[in-house]
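Using the hints, position chain B against chain A.
2 protein chains.
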Amino acid sequence: MPRPTDRTRIHRHPERTDDDPDVLRRILDDALTCTVAWVDADGLPRALPTIHARIDDTLYLHGSRAARAWKTAAAGADLCVVATVVDELVLARTSPHHSMNYRSAVVFGRGSEVTDRDELYAVARAITRHVLPGREDDAAEPGDEDWRETLLLAMPIDEASAKVRTGPPVDDPDELALDVWAGTLPLHTVAGVPAPSPDLRPGIDPPSYLAEFRRP
Amino acid sequence: MPRPTDRTRIHRHPERTDDDPDVLRRILDDALTCTVAWVDADGLPRALPTIHARIDDTLYLHGSRAARAWKTAAAGADLCVVATVVDELVLARTSPHHSMNYRSAVVFGRGSEVTDRDELYAVARAITRHVLPGREDDAAEPGDEDWRETLLLAMPIDEASAKVRTGPPVDDPDELALDVWAGTLPLHTVAGVPAPSPDLRPGIDPPSYLAEFRRP
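Protein sequence lines correspond, in order, to chains A and B. Start counting the first sequence at 1; every next residue gets the next number (the working numbering). Start counting the second sequence at 1; every next residue gets the next number (the working numbering).
Extracted from the complex, chain A is given alone in its bound form (with noise of 0.2 Å):
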């Protein structure tokens, strides 16, 4: 369950802040891939983007063995990871009110090595769920011979905060009989036509939920 802490106020719009733990699950959920940021050896920052799955209040981060950024991940460096879903963009009368209904996520703290077996195997399943759900009823399950390359990091969904705008532009009152169309503009992300692999075995039709895919 997620605390308030000094770095996880919101000091800008603290007023979107949302402390209800469901609204940060879901933003974790919904976001399809999240954003890592770390201290490197040199005191600089560092980030790249992931793939993760949230199981209870533990965000997994799919990581690589072989990459230094994810020994140093699994070595203990602290984390900041920014989940972000933009749900609708906010089109205002001027150019400055213009916004985004979007919801965000941080979570800090370090992550550990999952080493677990079973840990390991439900971390992979929910991860493929995450990105694609029912693939992960298809998808053959990992080797254990995979676990050489591919590093699964645990992190607590401890400190942690989300923001939230909602609703329509706020313009100032004199600009509101400006001819100019406002209000909000859905996003959604939805699946295109599917492409086999070039080696895929004849007969093996296009699952039902590839079509369903659609974020947020």
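By construction, these hints were calculated from the structure, which means they are not laboratory data. Model, not experiment: these values are computed from the prediction. Every residue gets a Cβ at the ideal spot worked out from N, C-alpha and C, and that includes glycine. Some clues are possibly wrong.
Said to hold, decoys possible - Over the 10 Å line for every Cβ pair with chain B, so calculated as not near, a few chain A residues:
(1) P2
(2) P4
(3) D18
(4) D19
(5) P21
(6) R25
(7) T33
(8) T58
(9) E113
(10) D116
(11) R117
(12) E141
Stated by the list, open to error - Pulled a few chain B residues facing chain A out of the computed Cβ check, cut under 7 Å:
(13) I55
(14) P96
(15) T150
(16) A211
What the hints assert, rightly or not - Cβ-Cβ distance ranges computed for the label pairs, FRET-style:
(17) D118/A to E141/B: 55 to 63 Å
(18) L176/A to P14/B: 50 to 58 Å
(19) A75/B to D118/A: 25 to 33 Å
(20) D20/B to A41/A: 27 to 35 Å
Then chain B, alone, in the frame of chain A:
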């Protein structure tokens, strides 16, 4: 023009490095938002999402004068900006071979506040256009008072890298016989039905560019 440095060298899947500056520029243009990471006074990593736009080889970040984060950034803190576009889900026969055809850009450097009046207005227009092409001709320009709240930072796209994955899934030869569909699933972010602002003047129709929103 981006130059390679030790920070921009891609260690994991170096074959996915794309040195074409147009590829890097296109990623920054296609990504609706980006994530900005920096090191806070406590030595710990921080990151937040924001809106950006590119003009030539300068990356502009939209910040708030009231936010501590942006004060830190405007004061010349080292930044690491990540922009990610997911083009396709890559569905392999086994779960560990799943991937994404993504394009990610990482830009390192420091931001400086835009203070030139002409540049401020050009960047405001570029950001509006970045989010929704066509909107920049409709939305009223900022007033001079809007710059009391909004901060625009310019970052040279100098020390930067792009990483790109394309193509079908790569399964092991002995997995090709599995009875599992494999291939790529393209993702597109499109607009839903626009919702007029409750205070919209009657008789203003939604502009045609709303329906044309599509990324990537």
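L176/A paired with P14/B, Cβ distance criterion 50 to 58 Å: Given about 54 Å between the Cβ atoms, the range holds.
Taking C-beta pairs only, is P2/A more than 10 Å away from all of chain B? 17 Å, holds
Is the hinted range of 55 to 63 Å satisfied by the C-beta distance from D118/A to E141/B? For D118/A and E141/B the Cβ distance comes to about 59 Å; the hint holds.
Using Cβ atoms and 10 Å as the threshold, tell me whether E113/A really stays out of contact range of chain B. At roughly 16 Å from the nearest Cβ of chain B, E113/A sits farther out than 10 Å, so the non-interface label holds.
Interface hint for A211/B, Cβ within 7 Å of any Cβ on chain A: With a closest approach of 9 Å, the A211/B hint is violated.
Taking 10 Å as the cut and beta carbons as the points, is T58/A off the interface with chain B? The assertion about T58/A holds, with a minimum of 19 Å to chain B.
Over 10 Å to the closest beta carbon of chain B is the bar; see if T33/A clears it. 6 Å, violated
Does the nearest C-beta of chain A fall within a distance shorter than 7 Å of the C-beta of T150/B? T150/B check passes; min Cβ-Cβ to chain A is 6 Å, inside 7 Å.
Minimum Cβ distance from P21/A to chain B greater than 10 Å, as the annotation requires: 20 Å, holds
Would D116/A pass as off the interface with chain B, using Cβ distances and a cut of 10 Å? 17 Å, holds
With chain A as the partner, please determine if I55/B meets the hint condition of a C-beta pair closer than 7 Å. 15 Å, violated
If I claimed the Cβ atoms of D20/B and A41/A lie 27 to 35 Å apart, would that claim hold in this structure? 30 Å, holds
Hints 7, 12, 13, 16, 19 from the list above are not met by this structure, while the remaining hints are.
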